[in-house]
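Undergrad: Next come the chains, spelled out residue by residue.
Number of protein chains: 2
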Amino acid sequence: MAATVQDAIMLFGDSITQMGWSPGGFGARLTDVYCRRFDVLNRGFGGYNTKWAMPVLERCLEPQQNAPKIRIFVLWLGANDAAILPSRQHVPLDEYINNIESMVRLVRTRDESTKIILVTPPPISEAMWAAQLKENDPAAQLDRKFDTTKEYAQSVVAVAAKMGVSVVDVWDRIWTAAGARQEALSQYLSDGLHLTAAGYAIAYDALMENIKEEHASLHYEQVNPTFPPWPELGNGV
Amino acid sequence: MAATVQDAIMLFGDSITQMGWSPGGFGARLTDVYCRRFDVLNRGFGGYNTKWAMPVLERCLEPQQNAPKIRIFVLWLGANDAAILPSRQHVPLDEYINNIESMVRLVRTRDESTKIILVTPPPISEAMWAAQLKENDPAAQLDRKFDTTKEYAQSVVAVAAKMGVSVVDVWDRIWTAAGARQEALSQYLSDGLHLTAAGYAIAYDALMENIKEEHASLHYEQVNPTFPPWPELGNGV
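These protein sequence lines are chains C and H, in that order. Start counting the first sequence at 1; every next residue gets the next number (UniProt numbering). Start counting the second sequence at 1; every next residue gets the next number (UniProt numbering).
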């Protein structure tokens, strides 16, 4: 049994979180810089919207003796909620907002000292995603719209302000990096929906910037290693 | 508090394990392929030998209610034990062998169903490592020898056979890939001691091959996701 030896960062989200340990992914980079300090937990669930993710989050936060303390909780959902009807993944905007708020409340109820960071879904490239869906068998119609995902992203920024938690606006960062041109999104999106290493780099940098500015004592440079560096060990240890 | 929702793979070792989430690292790749199946825990401690690591391992395996079950335990120590005197990191070969055996017994005592995989320390490039140490302030003398590390690596293979656990001979794999020429090790070693992405690729491939052959039911393709894939979710979920 793996005993709890250190605290944790939980990355909770959909496929964009789940794939965060692919080459250049933000999860792998966080695990690297927080090594010997915090464990970084992959709690990404491909395809999940906030409605499906809620009972999973309840499980992931179930009170348990000895469970690692969550120091930072990153919530990154919305890319699937913003799917348009008749997609089964679609969750109406007001319900999405309610679900994100409920999740924030749940995390707070479990441990009010956990720092919560909301992340906005990335922009959609409709041309790339339509091309991707055409290759499906059977071919599928476009089920994500640039403007809809933008609206969901903006609502996350509003929820963060309302509830007094941090927000990392990946939608805005990537859109700005792309010079506000859908054609230029191909550098940051692999298929119009998911991130490339360059897209993850933007997310990682924005997240670390947020931690440094708003939760400075939890920046990896400020956290002591759980077990001492070897030069501090005596020969008698 | 992060509740236990799935089992774990524990990677226990020194800096070569600790740095396993750097780009191309074996830890990042394992986390990626085992996502939604097993958590992969970074329990790498730079500079540690088996003597210093033993009390840490006891902490990491302390019996605790609800702690995640360790399905695979990877033990990769020896690169520091094989340092030569007067290095403080040096552990005599017979003591190193005893320590590895004690660690295997400890893991078994905690959970006899855990699959244990020993990994041999990689070969040393004396020229590269000497050059690296010269850049230290103050400059240091060569403290690792090719032949010594080879001997420690071979002893791990013998321990695995004696104790009936798996072994991944990274020493031999990298040495063979280098055509048994120290000059060619620069492709696999970043500084004569630590691994490049190409070195980690050899370790990852050898480890996955071992899991596939000797612990097939634990290969990531054989393990069901902890939470269902989204197409299986009903609208009522």
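Fair warning: there could be bad hints in the mix.
Because identical chains share one entry, a pair is satisfied inside a single copy or across any pair of copies.
Said to hold, decoys possible - Dumping the calculated EDC-like pairs for lysine to aspartate or glutamate here, alpha-carbon to alpha-carbon at most 20 Å:
1. Lys69 to Asp7
2. Lys162 to Asp172
3. Lys150 to Glu209
4. Lys150 to Glu126
5. Lys162 to Asp137
6. Lys51 to Glu232
7. Lys51 to Asp111
8. Lys150 to Glu58
9. Lys115 to Glu95
10. Lys145 to Asp172
Honestly, the hints are just simulated from the structure, not real lab data. On a predicted model such as this, the values are computed, not experimentally measured, just so you know.
Undergrad: Evaluate each hint against the coordinates.
TA: Going through the hints against the structure:
1. Lys69 to Asp7: both (5 Å within a copy, 18 Å between copies)
2. Lys162 to Asp172: Classified as within: same-chain Cα gap 19 Å, cross-chain 58 Å, threshold 20 Å.
3. Lys150 to Glu209: Neither. Shortest intra-copy (22 Å) and inter-copy (44 Å) distances fail the 20 Å Cα cut-off.
4. Lys150 to Glu126: Answer is within: at 12 Å inside a copy they meet the 20 Å cutoff, but 56 Å across does not.
5. Lys162 to Asp137: Classified as neither; 43 Å inside a copy, 52 Å across copies.
6. Lys51 to Glu232: For Lys51 and Glu232, only the inter-copy Cα distance (14 Å) is at most 20 Å; the intra-copy one is 49 Å.
7. Lys51 to Asp111: Result: close neither inside a copy nor across copies, 22 Å intra and 37 Å inter.
8. Lys150 to Glu58: neither (28 Å within a copy, 50 Å between copies)
9. Lys115 to Glu95: neither (24 Å within a copy, 45 Å between copies)
10. Lys145 to Asp172: within (16 Å within a copy, 53 Å between copies)
Going through the hint list in order, the structure does not satisfy hints 3, 5, 7, 8, 9.
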